[in-house]
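**Student:** So you can see what is in the structure, the chains are spelled out below.
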Amino acid sequence: MGPVIFADLRCLQDPLYRFRGVGHHVAGLLRSRRNSRCASWKLVGLADEAMDDLPREYSRLVDEVSYAWNTTLPRDGAVFIDGSPMTHDPRRNVRFSADPRFLNVAVIYDFIPLDWPGYLSTTADRIDYLSKIVRLRSFDVFFPISEYSAWRLSEVARIPVGSSVVTGASVRSSLYESRKTLPAPCPFYETPRPYFFTIGGGDRRKNTEVAVAAVRRLNTQCKRRISLKIVGSYDEAYKADLLRVAGDCDGDGFLEFLTGVDDAALVELYAGAIATICPSHIEGFSLPVVESAICGVPVIASTCAAHLELITQSDALFPSRDDEALTGKLERILGDRSWRERLVGEQAPIASRFHEREVGARFWSAIADRTTPIQLQRNRPRKSRIAFLTPYPPDRSGVARFSQLTIEAGTSHFDIDIYTDAPRPLTLSARSRDAGNINSAALLKGPYDSIVSVIGNSHFHTRIFEFFEQYGGPCILHDSRLTQIYYHRLGADRFREFAKSILGRPVSKEEVEVWLRDRDLPSLFVEPILKRARPLIVHTRRYQELLWERYGVRAEVTTFCPNMHFSESELDSLSRLAAREQLSIAPEVFLISTFGYIGKEKGMDACIIALELLRGWKVPAELHFVGNTQDLDAAVRNVAEAYGVGAYVHMTKNFVDNEKYRFYMLASDAAIQLRNYGLGQPSAALADCISAAMPCVASSELAESCDAPEYVLRVPDRNSPLHVAEQLASIWENRAERLDRRDAWRSYLEAHNFDRYVMRLGEILGLS
Amino acid sequence: MSVVYIDLTEFLNNPVLTGIQRVTAEICKWWPNGGLRPICLAPSGELVELPNRLIAAIVRCFSSPDGAAVDEVRKLRRETGTLIKPEGPESILVSELFYDPHRVAFFRKMSERSLERFRFIVYDLMPLLHPEYFAPDMPLDIICGYFSMVRRIPHCGFISGWTQETYCKRLLRSDHTRGIVLRLGSDGLGARPKTTATIRPLHFCSVGTLEPRKNQALIVDAFEPLLRNTEGLRLTLLGRLGWADKAFIDRVRWLSEGNCPGFEWIPNPDDDCIRRHVEAARATVYVSAAEGFGLPPVESLWLRTPVIASPDLPSLELIGSCGVEVVDPLNASSLREAVLKFLDDSYASVKIDETGELDLPTWASFANQVARWCK
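Here the protein sequences line up with chains A and B, keeping their order. Just add 310 to the spot in the first sequence (first one is 1) and you have this note's numbering. Just add 372 to the spot in the second sequence (first one is 1) and you have this note's numbering.
A few of these clues could be false.
[Unchecked claim] Below, computed lysine-lysine pairings styled on DSSO-like, alpha-carbon distance capped at 27 Å:
1. A:Lys910 / B:Lys618
2. A:Lys352 / A:Lys693
3. A:Lys539 / A:Lys549
4. A:Lys819 / A:Lys755
5. B:Lys566 / B:Lys618
6. A:Lys442 / A:Lys928
7. B:Lys541 / A:Lys928
8. A:Lys928 / B:Lys401
9. B:Lys401 / A:Lys819
10. B:Lys457 / B:Lys401
11. B:Lys457 / B:Lys713
12. B:Lys713 / B:Lys566
13. B:Lys713 / A:Lys810
14. A:Lys533 / A:Lys549
15. A:Lys490 / A:Lys442
[Claimed, not checked] Every beta carbon over 10 Å from chain A, so not counted as near; a handful from chain B, in silico:
16. Thr454
17. Gly460
18. Arg480
19. Cys516
20. Ser520
21. Cys540
22. Arg542
23. Arg545
24. Ile571
25. Thr581
26. Leu598
27. Leu605
28. Ile621
29. Ala652
30. Ser737
These are computed hints drawn from the structure, not numbers from a lab. Small disclaimer: the values here were computed from a predicted structure and weren't measured. All residues carry an ideal CB built from backbone N, CA and C; glycine is no exception.
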């Protein structure tokens, strides 16, 4: 299979870079991969969702575009390429730069901001730039575009020379193709308006003024009107300066400014010129030198270091500040055709050296040489190491408990570090470690084979959301919709804006109120998660199908498990009686429990009315709500009293501790677990009831999502108290010992346990 | 002349002229030999008798569409009534479906002995059996109060055998059948035609509020390709908008704006309009997914028009296939096949003739049956 290549593509998103030198160079490198030794390796392009979309012609250069900057370490090794390490926020890359098992590769252009005044005008700019230089030391191999840049790299960042491979800058093949198709230009001495050509731009180091001054002097001396065609974007002030240097008004003199020039037009401009003038004070590399050579036109260049690497003809060089010297060269080339031809001939070999294919071959070959299995597997521990960012007990949430059980089972297979904001001390098993609070330190510590974010629909996950939105990566998504947590995090107004951005239409407060009750959801509000999760791990096949149907996203499934486990001896009738004694439940009562927080969406009313029906049928039923009442105590009482069953309805009111929860699991004759929204969401409470071999009545979709065995009787999702009561009556009339369901119970637990969950998790993460 | 009280509390509080309120009005209209006295539950929690002219006013609510009768009913409601004794010899007929928690509580608190004088007409258990056909946020705690209470009523009359069966077997969970089945009248749209044309144009119609339970979407799915390809074929939907899917409503509107030949929707038809369309139709279509009774099919048969119907409609439980074409399985394809049968003149004639053989109950016979039951 080969290593996986991760490439930071932000320079191809950024409008400042994507269609300029940096962007063309990186695109050329990516394009040439398919003809290199790395052709079979998977290339994942990492993009920033907050930036402009990646242009289509660039997204095609990679096998996959991802927003997950927190990646699991691939089994066969990984390479990280930063195509522009000095431009964008380096914190995004910390997963790679902090882990020595990634081969970190940097493309180096220049250190002009350090070497030329005017770029780092504030202290903050200087600190930022210097910190990026320091960060360069975390890379393993460098690809400067010139010897000059390589030398500066070793000087400023103390990078050993052996860590650099000079590639040159990549010239796109489309330019070569355009040259081939261009008809042979008319010799300049036969054209009515011969011209010199230069490429500049708004950056003053490009030194266009010296070219202007030189051509002006030439025209004066020779009494001619040779034009100077200038390609580049100049603001009005700079343009006015250049016109002053030329002694002309715009449109009247010898200057001609051109912008928005495509490859065909550019080649034509080069090819028709007397010579190309490259006057820059400083460059990392000079693309115009190469482009001019491609078009068969001689270059007269300044003596900056980057030019000296390319132009070996000393008589074609001039000091960048000496316009008089340049004038001399221009006059000579105008009159001395043989000299001109000699320059053309001697400069011609430059063209082929920097074809993107050649540059790319140097680049990928060097990477392939450095990615032997031994090199990539260095420092890799035999046992995989995982970080979990998760709620954890003593946090009072089902997800906290589930994560605890996952980690306990996982320590047999992995070394696990826990990042959580739960109050300390944590209850830890051997071989798991409290690694601190949730923050991006997980990316720096380690090194981890995988950093997993556990996401759910409650405030316990707020900091995990903040991490995940920045870095993405492996994600276990516990809840099928995230309406409530986004509302909590964003507040009412910003949530409406968020919903509007997803739905593409205005959103009213009234709609939001309905959605917060899990009704009529136009979206599951999981879009930000889907975009960044790699892989996305969910707990039910139904939810996996739903994500595919609604979003075209493929999630992985590791099936949900009960949090509670019971031995066979605990499920006998003696245990039942003992548990009932603890709860003060009379033996003859048909005890029905419903577990979890109380809510209308969980059939609170249906449970009470079903009880009334049962009692009307002479079933000695009592109903216990086991879980947080969510301030609905009074509502429960009112309904119970209205239906004449107030004496038979009980609530535990607050979060129930494990012991009491367990007693109810053992003492109850039946459970009711209803939910008015489906969405493939599993139920921890139902899974626990199944684990206790307890007969249940559950909403159909809920039961299917939990892979419930036959002793979970289904009612339609739009539940009716009559449906619920009839199923409960059936349980009462056919009451049996729990162990009579042994086969179905065992079969369920064989497929739904934490060992299996963890094994599957390892497979999904590529760590098994 | 023995007196029977009729409890009109719901009608008086909300005279919105529903189908169930129509049943009450027909009872008032056809009650034999006088002796029906209007009462209601006062805010004080006591039953009071109101002026007898309320009976006629209620009848006029349905016969005079100008709203004057409804105003009169509201006015009479405000009159101070005469308390009636809690324990009296007169029967009290409750022909209403109500969800008002106070009224439910009134009956819930009543002793079994006191309940003996009451006669409840039970229409259906639809919210309990088919909650999917009601709004998702239907307040169960309010709606189910009536059904919970009605279990205690010793004397119930049911509008169909199906309602009786579901009440006894499911709500009471008993193998013992009790109560009586009261057959609603088929003649709500007027007198039975003495003769009828057996060859009719290719017109079909369907009467009923537009809502998912009534399956109008299925009807449109079945008919649309036929309408586009069959010269002279017409389908008219007669009924107001109920709780229907927006996409379906938009589709009906679009079709009825000339985008489908022969398709028409009349959202607020009066009885005359309905009668005209039913009489002229080759068949009516009634494919409701679930009903307590289903009046339109028997009203269609009364007017000598056969009906294409879903299986097991309670209103047709004693009729069988006479004048009826059952669609089973209930899907667009089977419905289309049934319609195609009726495009054959000879088949349609046979089914029209069959309707003449039926002995159908009338509102008068219904009221008489109720009166006998109450005595």
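**Student:** Hint by hint, where does the structure go against what was stated? Just the numbers, ascending.
**Tutor:** Violated hints: 4, 5, 6, 8, 9, 11, 13, 15, 18, 19, 20, 22 and 23; rest satisfied.
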